[in-house]
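Quick mapping for you: the protein sequence lines, in order, are chains A and B.
Position 223 of the first sequence, counting from 1, maps to 558 under my numbering, and the rest follow consecutively.
Position 36 of the second sequence, counting from 1, maps to 371 under my numbering, and the rest follow consecutively.
Don't take every hint at face value.
[Stated by the list, open to error] Below, in silico cross-link-like pairs of lysine-lysine (DSS-like), each with a Cα-Cα straight-line distance of 25 Å or less:
no.	chain 1	residue 1	chain 2	residue 2
1	A	Lys597	B	Lys476
2	B	Lys481	A	Lys601
3	B	Lys601	A	Lys601
4	A	Lys601	A	Lys566
[Unchecked claim] Examples of chain A residues toward chain B, derived with CB under 8 Å:
no.	residue
5	Arg413
6	Tyr414
7	Glu445
8	Val483
9	Asn494
10	Gln497
11	Gln500
12	Ala502
13	Asp503
14	Gly507
15	Arg588
16	Trp720
[What the hints assert, rightly or not] Covered stretches of chain A (in silico footprint by chain B; criterion: 3 or more residues with CB under 8 Å from a CB of chain B, positions within the stretch not fixed):
no.	stretch
17	385 to 393
18	636 to 650
19	669 to 677
In case anyone wonders, no lab produced these hints; they're calculated from the structure.
Idealized CB from N, CA, C, for every residue including glycine.
Number of protein chains: 2
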Amino acid sequence: MHTNSLESRRNFIRNLAIGTSLAFLPASSIMASSSLIAPFNFRKGAALLPLHYNENSLGMSNNALSAAKEAITLYGNRYADGAVDELKQLIASYNQIPPEQLILGNGSTEVLGAVVTYAASMNATLLEPSPTFGDVRSRAKARNVKVVQVELGDNFETNIEQLKQRADKLKGPILVNLCNPNNPTGTIVDKKLLSNWITNAPSNHIFLVDEAYHEYATSNPNYSSALPLIKNGKENLIVTRTFSKIFGMAGMRVGYGIAAPKTAKKLDSLSASFNLSAAGIAAAKASLLDKEFFNKSLNANERAKALLTNTLDELSLRYIPSNTNFVLHRINSDLNSYTQRMLANNIKVGRRMTKDDGWNRISIGTPSQMEAFTKTLKSFREKGWV
Amino acid sequence: MHTNSLESRRNFIRNLAIGTSLAFLPASSIMASSSLIAPFNFRKGAALLPLHYNENSLGMSNNALSAAKEAITLYGNRYADGAVDELKQLIASYNQIPPEQLILGNGSTEVLGAVVTYAASMNATLLEPSPTFGDVRSRAKARNVKVVQVELGDNFETNIEQLKQRADKLKGPILVNLCNPNNPTGTIVDKKLLSNWITNAPSNHIFLVDEAYHEYATSNPNYSSALPLIKNGKENLIVTRTFSKIFGMAGMRVGYGIAAPKTAKKLDSLSASFNLSAAGIAAAKASLLDKEFFNKSLNANERAKALLTNTLDELSLRYIPSNTNFVLHRINSDLNSYTQRMLANNIKVGRRMTKDDGWNRISIGTPSQMEAFTKTLKSFREKGWV
């Protein structure tokens with residue numbers, strides 16, 4: 336219904352525009368499409384419970400939201416020059432590095448893109464586990480970079496030893512792409528194995544460690560950020576972080592990379608200029624100063640994850656223990672049927688991410704959303720669907 | 336004063352962070368730096384009248400601002416998938432092209448960067464007039480692209496014939512960068528000369544026509560967008576547009592490029608994924624539907640420009656007739672002294688942009704801002720400074 340009415344509005348606008356030479360859409364179309372501005376249509380399937388993009392369903396900090404609104408009201412028409420410097424100072428303090436080691440990005444995806452452009456310029460081969468977050472790979476393919484993948488183990492673990500052996504056999508520069516914790520598995524790599532590999536690798540092996548889910552993993556004693564290696568002087572290493580996950584700011588587009596000053600300067604020159612928005616900058620600054628929200632966000636995720644895994648245990652559905660805000664789990668059916676059935680229950684899940692069918696990566700919503708989801712999942716069991 | 340107190344806060348935060356291992360800044364620093372969130376410090380020199388970045392001092396449309404606030408309140412934590420599609424449809428209708436020919440960017444600067452990455456991948460040489468907007472050149476240098484510049488004529492006109500001759504002599508692929516109207520001169524190139532060159536150029540001469548100031552120039556009968564050439568099927572041409580100028584959204588980061596479907600697809604793959612923010616998308620959509628604001632914005636600029644040029648005429652200060660929201664004019668002194676004196680009067684101007692000293696590119700503020708500026712300028716004349 337929603338889609339159909341949206342579609343008809345689109346057609347209406349399209350038809351109006353064809354054959355006219357108006358710079359602006361005519362007033363009649365403005366009226367007809369005024370609801371395009373309204374929140375109801377802002378996002379595809381806004382009425383559905385969205386558990387497919389690893390977003391933070393809690394929303395961002397109230398302080399962040401207020402700061403963002405204030406910033407666009409006062410400065411939405413201005414290039415955010417000084418504000419960027421202040422955010423850099425704050426992120427640098429937060430990570431205890433000098434600001435010169437930061438690359439701010441329009442989401443960490445922009446930093447990933449800059450790293451790939453950098454790797455392409457040195458004719459590097461991309462080496463990564465499979466499955467992993469696909470953005471680096473797709474950017475690499477767009478830049479004609481050769482891609483080599485090493486499959487995860489039987490328990491979806493990233494096999495560092497195999498990756499290392501593969502790296503040692505490849506000729507020339509390599510970009511090693513490690514998402515840690517990994518998406519879509521939620522697994523981490525052992526901190527000592529990772530540290531040893533990076534420490535002993537040749538300087539033309541560039542390591543990109545995407546730590547988008549870092550904050551969810553810090554309680555795991557086998558996990559460590561790769562940041563200390565940069566602090567110790569490694570120049571062939573880039574760590575990326577994002578405000579999209581724990582801080583609930585996916586729609587605000589703020590992320591960053593950290594690298595040695597020389598590497599950071601290079602990557603910064605490969606990013607777009609003026610790449611952060613007034614809203615994003617203000618929200619990021621406020622988020623870094625709101626420890627209460629951070630703790631609330633982390634705790635809500637832990638509680639909701641427990642609700643989810645308890646149900647999966649109860650239903651004997653295998654899952655991969657997660658260090659993130661999502662869980663990869665068995666569904667005892669093909670993903671396509673499962674996705675359609677969930678959709679019929681107003682829950683958006685899915686996208687095939689594993690070699691074998693029968694798995695789904697579910698985003699951890701709020702505790703109440705997970706209660707709704709697990710209730711639906713249990714009803715599926717009663718119907719013999721999972 | 337303002338700078339000093341900001342600086343001391345920065346040092347305070349920096350000192351707090353040194354030697355600690357806290358993930359979060361301590362509560363005391365949160366209190367000390369809470370004003371970092373406040374609007375007063377959001378932008379460097381926020382108390383100054385900013386006439387140096389070619390921003391739209393009017394601010395964005397109220398509808399755009401409301402839509403942006405609503406979008407981040409409801410969807411700031413979500414990836415803006417469906418909303419991007421809707422914006423694409425709307426921009427496509429606005430320009431009467433299919434959505435497949437659009438490249439959305441985090442500001443048009445991101446599209447410029449993607450074009451340079453594309454050009455670098457084919458080992459193209461960058462050819463451009465000088466002076467012009469420096470972003471393409473700086474991105475080219477970062478990607479080791481050779482840069483060839485052709486100086487503007489005595490009246491700051493872009494010499495198409497000389498550029499063409501230079502292009503014909505260069506070997507291999509070329510990226511021709513034309514900002515039209517040009518920044519920092521405000522001049523346009525004759526529509527027939529431009530159209531003839533692009534139409535007859537070999538296919539490995541790629542034309543990038545940055546039309547950031549397009550809307551201000553359409554009343555000039557010698558100006559035309561290069562868009563009709565794309566509609567006629569040219570594949571070696573990219574036109575870029577922005578919401579930063581006429582729509583007053585510089586801090587929202589929304590721009591776009593238009594090209595043949597094949598070229599657009601390639602450039603899209605070279606941009607960051609999820610590159611638009613919820614606030615930017617909502618504001619851009621609302622802006623395209625607010626013709627009243629568009630007219631108000633254009634009219635205010637015309638009135639303020641007349642106020643400015645009347646005063647320049649009165650003071651016999653030469654200026655280049657402008658097709659934009661800025662004017663390049665003589666200041667009868669060195670730029671450094673002039674900038675300092677304006678700063679002492681709380682007006683931010685400056686940055687050297689021309690080969691000869693003694694010129695300033697002034698952004699056209701609101702009519703009342705231009706009254707304040709011209710009053711100051713006249714007082715400078717009384718003091719013998721201009």
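Verification of the supplied hints:
1. A/Lys597 x B/Lys476: The hint holds at about 16 Å.
2. B/Lys481 x A/Lys601: holds, 17 Å
3. B/Lys601 x A/Lys601: holds, 23 Å
4. A/Lys601 x A/Lys566: holds, 18 Å
5. Arg413: For A/Arg413, the interface hint holds, since the closest Cβ of chain B sits about 5 Å away, which is under 8 Å.
6. Tyr414: holds, 5 Å
7. Glu445: With a minimum Cβ separation of about 4 Å from chain B (threshold 8 Å), the hint on A/Glu445 holds.
8. Val483: Since chain B brings no Cβ nearer than about 20 Å to A/Val483, farther than 8 Å, the hint is violated.
9. Asn494: Violated - the Cβ of A/Asn494 stays beyond 8 Å from chain B, reaching only about 27 Å at its closest.
10. Gln497: With Cβ-Cβ at 28 Å, over 8 Å, it is violated.
11. Gln500: It is violated, given that the least Cβ distance between A/Gln500 and chain B is near 31 Å, above 8 Å.
12. Ala502: Constraint on A/Ala502 not satisfied, violated at 25 Å.
13. Asp503: violated, 29 Å
14. Gly507: violated, 18 Å
15. Arg588: Holds - the Cβ of A/Arg588 comes within 8 Å of chain B, reaching about 4 Å at its closest.
16. Trp720: violated, 27 Å
17. 385 to 393: Since 6 is at least three, the answer is holds.
18. 636 to 650: violated (count 0)
19. 669 to 677: violated (count 0)
The earlier numbered hints that this structure contradicts are 8, 9, 10, 11, 12, 13, 14, 16, 18 and 19.
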